[in-house]
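Novice: Sequence:
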Amino acid sequence: MFDAVDQQRKPAVVRPTLIVKTGSTMPDLAARRGDYEDWIAGGLEGAGPIEVCRVVDGDPLPAPETLRGVVVTGSSALVTDREPWSETTGAWLAEVHRAGVPQLAICYGHQLLADHLGGEVGRNPSGREIGHIAVALTDAGAADPLFEGLPRTLRVSSSHRQSVLRVPAGATVLAHNEATAHQAYKLGERTWAVQFHPEWDHDVIRAYLEARYDVLREEGLDADALLEQVAPSPHGAQILRRFGALLSG
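FYI, the numbering for the sequence shown is 1 to 249, going by the working numbering.
It is possible that part of the hints are untrue.
[Said to hold, decoys possible] Label-pair restraints from in silico Cβ distances:
#, residue 1, residue 2, range
1, 229, 15, 34 to 42 Å
2, 58, 14, 21 to 29 Å
3, 91, 172, 32 to 40 Å
In short, the hints are calculated from the structure, not lab data. Note that the structure is a prediction, hence the values are computed from the model and not measured. For every residue, glycine included, the Cβ atom is placed at its ideal position computed from N, Cα and C.
With these hints in hand, go ahead and build the complete structure from the sequences.
Specialist: What follows is the structure, encoded as structure tokens:
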């Protein structure tokens, strides 16, 4: 038996924040700037030690209660393709929510979480949304701690073809725009999901627009206008910092 002094000297277990990697950026961009997990980790001030689980490569997911928090990356995959690794990850994200572990699900993660908690995911009715976009916070979003100190209209980066068509029961919509009705939602007190990419800066979204220039024109989008709209904005980085601060609080 340890006495009281021995128990006080026992080092505390520091739980990590887990980045769940569901995809990768373009190879050329990764060689120059790093990948999704690097951009996310760089923005999570105060999140403690960070680990990466590459679920798309078959890495096993840990027990939710061993984690301080979870961030889910984007992916070029489609939730509706229901690949085995994706279905396993979606079920695990639902467990994380039920365990009360704070999580921030981004783009593909936003959709995957909704799909496994009773929402609906499918082709975005407005078609592809890509570029440096404006997103409006709802009253609930403006009052939410994740968006504390931010203006009612955010300027962020986005690239998606599918979207959350119906949020899970009990979810609160935090942000929207004309192209995507559910840009952000929250479940309970510790689960947030955003369709846009807070980890992408103006350099990243410009690289995506340039790489997909011909495809965008074939789809009837004004690629030149989208490129002209790209500009630096601190809002995405501020959201990541806020999530990191919530993990450290």
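Novice: Which numbered hints turn out to be false for this structure?
Specialist: Hint 3 alone not satisfied by this model.
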